[in-house]
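Novice: So the chains spell out like this:
Protein chains: 2
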Amino acid sequence: MKVVDVAVPGARYPIRIAPGRLDHLDEAIPPNATAIALVTNPTVAALYAERAERALARTARKVVRIDLPDGEEHKDSATLNQIFDVLLSQGFDRRSVLVALGGGVIGDMTGFAAAVYMRGIRFVQVPTTLLAQVDSSVGGKTGVNHPLGKNMIGAFHQPVAVEIDTDVLATLPAREVSAGLAEVIKYGMILDAEFWAWCEANAARLRALDREVLGHAIQVSCELKAKVVGQDERESGLRAILNLGHTFGHAIESGLGYGAWLHGEAVGCGMVQAAELSAEVAGLPRADVARVRKLVEAIGCPTTAPDLGAERWLSLMRVDKKAEGGEIRFVLTPRIGQAIIQGAPRDAVLRVLERTVA
Amino acid sequence: MKVVDVAVPGARYPIRIAPGRLDHLDEAIPPNATAIALVTNPTVAALYAERAERALARTARKVVRIDLPDGEEHKDSATLNQIFDVLLSQGFDRRSVLVALGGGVIGDMTGFAAAVYMRGIRFVQVPTTLLAQVDSSVGGKTGVNHPLGKNMIGAFHQPVAVEIDTDVLATLPAREVSAGLAEVIKYGMILDAEFWAWCEANAARLRALDREVLGHAIQVSCELKAKVVGQDERESGLRAILNLGHTFGHAIESGLGYGAWLHGEAVGCGMVQAAELSAEVAGLPRADVARVRKLVEAIGCPTTAPDLGAERWLSLMRVDKKAEGGEIRFVLTPRIGQAIIQGAPRDAVLRVLERTVA
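Taken in sequence, the protein lines are chains A and B.
Using UniProt numbering, count along the first sequence one by one with no gaps and you end on 358.
Using UniProt numbering, count along the second sequence one by one with no gaps and you end on 358.
Only chain A is shown next, with the shape it has when bound in the complex (with noise of 0.2 Å):
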C-alpha cells in the first residue's frame, strides 16, 4: 500500500492507494464517530456499494446510505438538501462522519455538506475516478454550482482520509480514464520534468490500466498536489499553477456547454494551448510543444480545439474565475516542469487560437 501524507495548515490526513481498498473502508472512520453516511449515486452504488457498506458495517456503527442523482447537472442546492435531510431526520450529530463513493461531483458535495452540516462535520472521500483519485483528494475543495456559475458555492474543508482503490478504475470508461490522464500529466508539466518524462515512458501502460503504473503515477500526482496545496491552501498564489490549461479548458466547456467534452479531456486540450502560449511568450521550446501535443494524444485527449469564433473565445476566457479585475491571465511552462503566472497579449493569444483550433 502507498500512502501519502497531506498537511495543510489546521489538518493532516492520510491518502492511502492499493488495489482493494473500499474492502477496508472501517479503517478510515474515526473511532469516536457516532454513525456513517455514504453518499454515492446509482452507477456507482450497482458497482460498489454493497462491498463499500460490509466494510463499514465492521465499524459498528449505524451506516446510512444516501444515492445521490447522476451528473454534473445534479451539483447543486437541491440535491445537497438532500443529503440534510437524510441526517437531520436520522439524527446525525456532530460527530457522524460522512463517506462520499464516486466521482468529483460526488466528493464536491459530500466534502460540501460536511463543511456546513453543524458547522463542519467530519468526512473520508473513496474517489472512484482517476480524475477525482489525483484532483479532488488533496486540497479541501468542496462545493456546488450556482445556475449562474460552476462552484460558485463552496468551502475549503479537508477530509479525515482518503482511500483509493486502483481497481475500480477496471469499470471507469476509457474516455474517463483518459480525461484523468490529463491531469496526472499536467503535475508532471508544471512541477516535475522527470515524472513527464515518466509517463511519455508509460503512457500505453497508464492507458491500459496497469496497476503497478497506475498506482505511481496516482501516487506521485498526489504528492505533488499536496506540496503545491500544503504551501498554499487558498490558491492565494503558487497554488494557481496547478490551472494550467484550465483557461482554455474552460472556454472549451462552457462554449459548447458543458458535458459535450470531459473537463479532463478539456484541460488536455489547454495544456497544447498552454503550451503553443508559452512558445509565443514564455520562451518553451518549439520541440517541447510537439512534446506536449504527442503525450496529450498518446492518453487519449483531444489536441484540436473547437471552433467557437474568436471573440467568442476571448469573452469566455475573460469571465474564468481567475480573471480578477478583468485582465486574462494564464498558467504557462517557459519549460516543462516549471510553471509561471502571467498575462499575455492579445495578438499571441489569437495565434494561438490559429494554430489549435479546427
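Each hint should be verified, as a subset may be incorrect.
Just so you know, same-sequence chains aren't split out, so a pair can sit in one copy or run between any two.
No more than 25 Å apart at the CA atoms, straight line, and that leaves these computed lysine to any residue pairs for SDA-like [to be verified]:
# : residue 1 : residue 2
1 : 150       : 120
2 : 227       : 254
3 : 227       : 10
4 : 2         : 358
5 : 227       : 42
6 : 62        : 152
7 : 150       : 58
8 : 150       : 95
9 : 150       : 64
Everything labelled a hint here was simulated from the structure, so no lab data went into it.
Computed from a prediction, not measured in an experiment: that's the story for all the values here.
Given the coordinates of chain A, work out where chain B should sit on it, guided by the hints.
Specialist: Chain B only, in chain A's frame:
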C-alpha cells in the same frame, strides 16, 4: 472609542465600539476590496441604510444594497440564495466584501453567505441589536435554519471587523434591550463575579441605555467572549459554558414555538433555572440564586418559565444540540463567576421545574 481585539486561530479582527460608528463604516473596508454589498432588512434599512451607504460610498467602490425579508422564519437557504443571485449577477469576485447591517439573523446569513461564496470572501459585521452586539460579534458562528432544526447549516467564518454603533440601540424596542442584557449578565455569571456585581449596580442605567454604561457593558461582554472563543474556536470544550441558560431556554423557545419569547428572554429565564439547578447539584448558595433571579428581573426579563408539562420539558431539553449521545448536560455555576459542565439527575431537574414553572 473602545476597541476589543479578537484573536482566534488563523484570524484576528477589531471590534470598534462608539456612538456614531455607522458614519465611519468605510474605515472597516479593506483597501483591496473590489466591490461592497450592504446586506440588511427593510426595518433596519429605513432607519440606517442611507447613512451606512453614504459612509461606504467614500471607499469609491461599487456599493450594492441587498434587502432581505425580516425575521427568523426567513433565515433559510431560499433567502441565502437571494444574496448569491445578486452577488453573481453583479459580478462580485473573491475580493469583494459583504457588510451585515442588522441583528443576529442578518449577521448569521450574511456571514454564512460570505463563508461559502466562491469558497469564502470577507465580511464586516454592523450589529444593530444589543444581543447581536454582545453575542454574534465574537465567535464567527454563521448559518441558516433547516426545516428540521435551527442553525443546522452553517460555518465558522470570522469577520474582518465589527463596528458597533451604540447610538442605534435608541431605536430598539425595550423588550429587545432586555433580551440583550440577559446575554450581558450571562458573561458575568459564568466568568466574572466583579462584572456581575457591576451589572447589579448599573441595571437601571443599562435599561435606560446610558451611553457610558452601555459602552462598558458591551466592551466587557465582547472581551469575555473573545477570551473564551480564543481558547476554543470550535466549541469542543470551554466554549460550551457560553450556553449557560440555553438548555432550559431552547426548551422554552421551541416549546412555545419560536418567536413567542425572544431568545434573550428565554436565556434570561433559563439562567434562573440553571441557578436553581446549580443550587441543587453544584453547591451554588441559595442567596446567589436569589441574586440571579433579582438581576434577571431588574433587566426586564421573565423569571417564571412556561408550563409545558414536565415530560415535554424533559424531552425538549434532550433534543438540544448539546445533547450528544443522549445524556442531558447542563452549564452550571458552583458560584457566580464560575461555570462547569455536568449532567444532572432527572429528579433534580424536576424539582427545578417545580420551582420555576408557573
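Novice: Now tell me, hint by hint, if it's right for this structure.
Specialist: We went through each hint and held it up to the structure:
no.	hint	result
1	150 x 120	both (22 Å within a copy, 15 Å between copies)
2	227 x 254	neither (30 Å within a copy, 49 Å between copies)
3	227 x 10	both (15 Å within a copy, 20 Å between copies)
4	2 x 358	neither (42 Å within a copy, 65 Å between copies)
5	227 x 42	neither (34 Å within a copy, 48 Å between copies)
6	62 x 152	between (33 Å within a copy, 21 Å between copies)
7	150 x 58	neither (38 Å within a copy, 33 Å between copies)
8	150 x 95	between (30 Å within a copy, 18 Å between copies)
9	150 x 64	between (29 Å within a copy, 23 Å between copies)
Violated hints, in rising order: 2, 4, 5, 7; the structure is consistent with all others.
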